[in-house]
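Undergrad: Residue numbers (full-length UniProt numbering), protein chains in the order written: chain F, 1 to 157; chain X, 1 to 611.
Since the hints were made in silico from the structure, they are not lab data. Where is the CB? At the ideal position from N, CA and C, for every residue including glycine. A couple of the hints might just be wrong.
Said to hold, decoys possible - Straight-line Cα separation of at most 27 Å, DSS-like style, residue types lysine-lysine; simulated pairs:
#1 Lys-111(F) / Lys-302(X)
#2 Lys-109(X) / Lys-43(X)
#3 Lys-105(F) / Lys-483(X)
#4 Lys-105(F) / Lys-290(X)
#5 Lys-79(X) / Lys-134(X)
#6 Lys-54(X) / Lys-72(F)
#7 Lys-500(X) / Lys-567(X)
#8 Lys-72(F) / Lys-299(X)
#9 Lys-421(X) / Lys-567(X)
#10 Lys-274(X) / Lys-436(X)
#11 Lys-290(X) / Lys-61(X)
#12 Lys-181(X) / Lys-290(X)
#13 Lys-105(F) / Lys-299(X)
#14 Lys-503(X) / Lys-111(F)
#15 Lys-72(F) / Lys-150(F)
#16 Lys-411(X) / Lys-105(F)
#17 Lys-54(X) / Lys-79(X)
#18 Lys-179(X) / Lys-75(F)
#19 Lys-561(X) / Lys-436(X)
#20 Lys-105(F) / Lys-201(X)
#21 Lys-421(X) / Lys-500(X)
#22 Lys-302(X) / Lys-72(F)
#23 Lys-109(X) / Lys-72(F)
#24 Lys-54(X) / Lys-521(X)
#25 Lys-500(X) / Lys-490(X)
#26 Lys-181(X) / Lys-105(F)
#27 Lys-299(X) / Lys-109(X)
#28 Lys-105(F) / Lys-379(X)
To be verified - Now the stretches of chain F that chain X is said to cover, found in silico as 3 or more residues with beta-carbon under 8 Å:
#29 6-14
#30 100-107
Stated by the list, open to error - The calculated label-pair distances, taken between Cβ atoms and stated as ranges, are:
#31 Glu-154(X) / Gln-102(F): 53 to 59 Å
#32 Lys-150(F) / His-192(X): 48 to 54 Å
#33 Asp-166(X) / Thr-79(F): 41 to 47 Å
#34 His-192(X) / Glu-151(F): 37 to 43 Å
#35 Lys-32(F) / Pro-315(X): 36 to 42 Å
#36 His-192(X) / Lys-16(F): 41 to 47 Å
#37 Gln-102(F) / Leu-520(X): 51 to 57 Å
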Amino acid sequence: MPEQSLCLQRLQQERKQWRKDHPFGFFAKPKKDADGYDLYKWVCGIPGKQGTIWEGATYPITVTFTQDYPAKAPKVKFTEDFYHPNVYPSGTVCLSILNDEQDWKPSISLKEILLGVQELLTTPNPLSPAQEPAYRAYMKNREEYDMKVKEQAKHFS
Amino acid sequence: MSGSEFSFSEEGYSSFDEDDGYQLSIGDTDVAFDPDASQVEVKYSYPDATTSTKVPINRIKYQALSYDDVDALLTEKIKSVNGILQVGDDESMVLLQKFNWKVERLLEKFLDNPIRTYDSVGLNYNAVRVQPEKLIVVDPHFFCPICCSEGSEENPLTTFHSGGCDHRYCVNCYATFLKEKTTLTCMDTECHSVILPSELKSLSDCILNAESVLGDASNGLAASKTEASADFYGYASDSATTRGNDYSDDEDAAELDSDGEEIEEQRYLVEYRKRKLEKAVQDKEKQRNKSLYSRYRSKIMKDHVSQQADFRLCPALDCPGIVRFIDFDSNSASSGITGLEQFANQHRSFPIVECSYNHFFCFYCSKDNHVPIPCPIVKAWIKKCKDDSETANWIDNNTKPCPQCDTNIEKNGGCNHMTCKTCCHEFCWICMGLWKDHKDFYKCNRYQEVKDDSPQKENSRRYLEKYLFYYNRFAAHQTSFKKDREFCSKLDFLIQKVQKRNKVSWIETQFYEEAVRILLKGRHTLMWSYAFLYYVEPCRLKHLIEDSQFELSKAVESLSKLIETVKPENIIKYRQRFIKESGLLKSHKYALVDICLDALASDELLISIPT
Numbered sequence: 001m002p003e004q005s006l007c008l009q010r011l012q013q014e015r016k017q018w019r020k021d022h023p024f025g026f027f028a029k030p031k032k033d034a035d036g037y038d039l040y041k042w043v044c045g046i047p048g049k050q051g052t053i054w055e056g057a058t059y060p061i062t063v064t065f066t067q068d069y070p071a072k073a074p075k076v077k078f079t080e081d082f083y084h085p086n087v088y089p090s091g092t093v094c095l096s097i098l099n100d101e102q103d104w105k106p107s108i109s110l111k112e113i114l115l116g117v118q119e120l121l122t123t124p125n126p127l128s129p130a131q132e133p134a135y136r137a138y139m140k141n142r143e144e145y146d147m148k149v150k151e152q153a154k155h156f157s
Numbered sequence: 001m002s003g004s005e006f007s008f009s010e011e012g013y014s015s016f017d018e019d020d021g022y023q024l025s026i027g028d029t030d031v032a033f034d035p036d037a038s039q040v041e042v043k044y045s046y047p048d049a050t051t052s053t054k055v056p057i058n059r060i061k062y063q064a065l066s067y068d069d070v071d072a073l074l075t076e077k078i079k080s081v082n083g084i085l086q087v088g089d090d091e092s093m094v095l096l097q098k099f100n101w102k103v104e105r106l107l108e109k110f111l112d113n114p115i116r117t118y119d120s121v122g123l124n125y126n127a128v129r130v131q132p133e134k135l136i137v138v139d140p141h142f143f144c145p146i147c148c149s150e151g152s153e154e155n156p157l158t159t160f161h162s163g164g165c166d167h168r169y170c171v172n173c174y175a176t177f178l179k180e181k182t183t184l185t186c187m188d189t190e191c192h193s194v195i196l197p198s199e200l201k202s203l204s205d206c207i208l209n210a211e212s213v214l215g216d217a218s219n220g221l222a223a224s225k226t227e228a229s230a231d232f233y234g235y236a237s238d239s240a241t242t243r244g245n246d247y248s249d250d251e252d253a254a255e256l257d258s259d260g261e262e263i264e265e266q267r268y269l270v271e272y273r274k275r276k277l278e279k280a281v282q283d284k285e286k287q288r289n290k291s292l293y294s295r296y297r298s299k300i301m302k303d304h305v306s307q308q309a310d311f312r313l314c315p316a317l318d319c320p321g322i323v324r325f326i327d328f329d330s331n332s333a334s335s336g337i338t339g340l341e342q343f344a345n346q347h348r349s350f351p352i353v354e355c356s357y358n359h360f361f362c363f364y365c366s367k368d369n370h371v372p373i374p375c376p377i378v379k380a381w382i383k384k385c386k387d388d389s390e391t392a393n394w395i396d397n398n399t400k401p402c403p404q405c406d407t408n409i410e411k412n413g414g415c416n417h418m419t420c421k422t423c424c425h426e427f428c429w430i431c432m433g434l435w436k437d438h439k440d441f442y443k444c445n446r447y448q449e450v451k452d453d454s455p456q457k458e459n460s461r462r463y464l465e466k467y468l469f470y471y472n473r474f475a476a477h478q479t480s481f482k483k484d485r486e487f488c489s490k491l492d493f494l495i496q497k498v499q500k501r502n503k504v505s506w507i508e509t510q511f512y513e514e515a516v517r518i519l520l521k522g523r524h525t526l527m528w529s530y531a532f533l534y535y536v537e538p539c540r541l542k543h544l545i546e547d548s549q550f551e552l553s554k555a556v557e558s559l560s561k562l563i564e565t566v567k568p569e570n571i572i573k574y575r576q577r578f579i580k581e582s583g584l585l586k587s588h589k590y591a592l593v594d595i596c597l598d599a600l601a602s603d604e605l606l607i608s609i610p611t
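Bound-form chain F, shown alone:
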């Protein structure tokens, strides 16, 4: 069976599963284009956890799958210059479960990815910083960091 159809088959299943059941406050849908839906590109939203500095906003991300999915991890991106120690200036998320060489496994579902990213928001990993401003503030000046995050939350609320 050709690889592409396997990939689409799985993505359709992911969509079905998501519609059936998904965590509260999240949204995820394939991007609309001229011919209908593009299953390879998903527009999603991640709510900040209640009781943290991230609460009160839904952060938009795009999840891009390749033809090699589910053998290879999808690419998860916030908006450019998103303020978080483990997000690259381009918006790409640095997370071990999204790295083919590290902890990616084909069995990881979209739901698990999104929950993983939500977890990452409140618990950054100081061992693999991806941008300077947020990392520096997180390590050295927690007040400034909290303020910037709250500002960002306002922007996305």
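Given the coordinates of chain F, assemble chain X onto it according to the supplied hints.
TA: Just chain X now, kept in the frame of chain F:
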């Protein structure tokens, strides 16, 4: 490193002979091994123990191993570890891999806390694993959560899972997941259970079986192709079977006194067999990449080899050859050499080894064959070439202006006698001087030391000039070498054409290929000799080396010209000339290497390597 203390001579290797004097001296390899017990021939890094003037050369003893040899070694190592741990070969291998093949570290950890050590690789110490053959389950009602395929009564899905858990997925998904991995785990998000090699084998076999059913139709095509190529070699293989000639290792010696046609032919037969063997090995390599399990095994083996100090993977592209260091020879021992680094820094030694696929490389620095110059000079020269990138930028430019009309000329192969297409000016590519003067006054291999009569500020410019002089010659030969090598890669095709056209056998065209190969080697030596001379202070020996270098460059140019001017379809007519010139080149090459070795051993030679 402490690993060398640990030896398995008592447990697993009763054949290991203590009196043999064999000791690992360069690293933390932990399995002792008796080189005499293996079938592989022991070679030396230089054919002779002394130069022609009886100056001793330091050499290393080594073996060129094949994939299978090393695979057997790995199996033995695993077996011997299991002899102590008693946990099973597969488990021992996974544990060894986790501990970077360091037996001592593994034993320490394991004896300290077997349960935790087991756990760290995804094994469960107390659980019994499912038998590998029971892991493959054909299930008509299975739904694979990875690819979302569903089985049916007519078309059931085949599933697989690790022996330590029961997370089943379809075999295709598992195969894709495990294809590029060396650490094999269950695919489930939360599960860390390891997949053992024998379990992978079971999966791999299952997939191979499925493919062979599918692939029957396409096999027909492949078979007809093999027949065609057998046809091409047909003539030679007939004659090879009718006359059984033993392969003589002294091919270089035979080269020079091979007057009789018969000796020639015998040599070609030997060459032919060697190539046939090579082809068989290549096919094997392809086969190896085919199955999931064999790919995994070969990756594990490379992983293992690269962790061992006395093994080297051949640096040539895609070459599966592996060289194993055995010992230093008696010359080195009497010079008090105990370590490889010390050996390489001695000026009288080249750890140049040849892998089973005829690639020569330096065991110490993994660079290509840099005879006649020792490793420290190679290192200094390469660093120099890199550091001077500013100037190298424009030197690196592939063109040179014609000395008469300034047209940019790119040399795309052939000899150094250049004729400008625009103004018909004839000049030498090396020194850019008139070719006419050149025939009797060919002195462009010699650097003219400028007499010190100018003030100091001129010095740096002169250093640069000196460097550029040698670098330009080094680079010119390097470029030619690359072009010649390209030409070499097309040889097979050319020769095939010649065969058809002139209706001659494959064997009768071999002198041509041989000539090109000799040219390549000669040019390579010549190239490095320029890097060498850059560091040699002017003295009597330098003149001697330059004289010899001059002879070699003449021979290289002459053969290069012959190959360039004689069209492949006419080579048969020029056969005698090809043989004569390549023989000459070869003897000049050895003469140069010999002189360099003599010079290196002598106190007279002054080498200035900046630290």
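Undergrad: Compare the structure with each hint and give your call.
TA: How the hints compare with the structure:
{"no.": "1", "hint": "Lys-111(F) / Lys-302(X)", "verdict": "violated, 38 Å"}
{"no.": "2", "hint": "Lys-109(X) / Lys-43(X)", "verdict": "violated, 39 Å"}
{"no.": "3", "hint": "Lys-105(F) / Lys-483(X)", "verdict": "violated, 46 Å"}
{"no.": "4", "hint": "Lys-105(F) / Lys-290(X)", "verdict": "holds, 24 Å"}
{"no.": "5", "hint": "Lys-79(X) / Lys-134(X)", "verdict": "holds, 24 Å"}
{"no.": "6", "hint": "Lys-54(X) / Lys-72(F)", "verdict": "violated, 62 Å"}
{"no.": "7", "hint": "Lys-500(X) / Lys-567(X)", "verdict": "holds, 15 Å"}
{"no.": "8", "hint": "Lys-72(F) / Lys-299(X)", "verdict": "holds, 20 Å"}
{"no.": "9", "hint": "Lys-421(X) / Lys-567(X)", "verdict": "holds, 20 Å"}
{"no.": "10", "hint": "Lys-274(X) / Lys-436(X)", "verdict": "violated, 44 Å"}
{"no.": "11", "hint": "Lys-290(X) / Lys-61(X)", "verdict": "violated, 34 Å"}
{"no.": "12", "hint": "Lys-181(X) / Lys-290(X)", "verdict": "holds, 15 Å"}
{"no.": "13", "hint": "Lys-105(F) / Lys-299(X)", "verdict": "holds, 21 Å"}
{"no.": "14", "hint": "Lys-503(X) / Lys-111(F)", "verdict": "violated, 71 Å"}
{"no.": "15", "hint": "Lys-72(F) / Lys-150(F)", "verdict": "violated, 34 Å"}
{"no.": "16", "hint": "Lys-411(X) / Lys-105(F)", "verdict": "violated, 53 Å"}
{"no.": "17", "hint": "Lys-54(X) / Lys-79(X)", "verdict": "violated, 47 Å"}
{"no.": "18", "hint": "Lys-179(X) / Lys-75(F)", "verdict": "holds, 21 Å"}
{"no.": "19", "hint": "Lys-561(X) / Lys-436(X)", "verdict": "holds, 16 Å"}
{"no.": "20", "hint": "Lys-105(F) / Lys-201(X)", "verdict": "holds, 21 Å"}
{"no.": "21", "hint": "Lys-421(X) / Lys-500(X)", "verdict": "violated, 34 Å"}
{"no.": "22", "hint": "Lys-302(X) / Lys-72(F)", "verdict": "holds, 25 Å"}
{"no.": "23", "hint": "Lys-109(X) / Lys-72(F)", "verdict": "violated, 35 Å"}
{"no.": "24", "hint": "Lys-54(X) / Lys-521(X)", "verdict": "holds, 24 Å"}
{"no.": "25", "hint": "Lys-500(X) / Lys-490(X)", "verdict": "holds, 16 Å"}
{"no.": "26", "hint": "Lys-181(X) / Lys-105(F)", "verdict": "holds, 12 Å"}
{"no.": "27", "hint": "Lys-299(X) / Lys-109(X)", "verdict": "holds, 25 Å"}
{"no.": "28", "hint": "Lys-105(F) / Lys-379(X)", "verdict": "violated, 44 Å"}
{"no.": "29", "hint": "6-14", "verdict": "holds (count 5)"}
{"no.": "30", "hint": "100-107", "verdict": "holds (count 3)"}
{"no.": "31", "hint": "Glu-154(X) / Gln-102(F): 53 to 59 Å", "verdict": "violated, 40 Å"}
{"no.": "32", "hint": "Lys-150(F) / His-192(X): 48 to 54 Å", "verdict": "violated, 38 Å"}
{"no.": "33", "hint": "Asp-166(X) / Thr-79(F): 41 to 47 Å", "verdict": "holds, 42 Å"}
{"no.": "34", "hint": "His-192(X) / Glu-151(F): 37 to 43 Å", "verdict": "holds, 40 Å"}
{"no.": "35", "hint": "Lys-32(F) / Pro-315(X): 36 to 42 Å", "verdict": "violated, 52 Å"}
{"no.": "36", "hint": "His-192(X) / Lys-16(F): 41 to 47 Å", "verdict": "violated, 29 Å"}
{"no.": "37", "hint": "Gln-102(F) / Leu-520(X): 51 to 57 Å", "verdict": "violated, 45 Å"}
Hints 1, 2, 3, 6, 10, 11, 14, 15, 16, 17, 21, 23, 28, 31, 32, 35, 36, 37, counting from the list given before, are not met by this structure.
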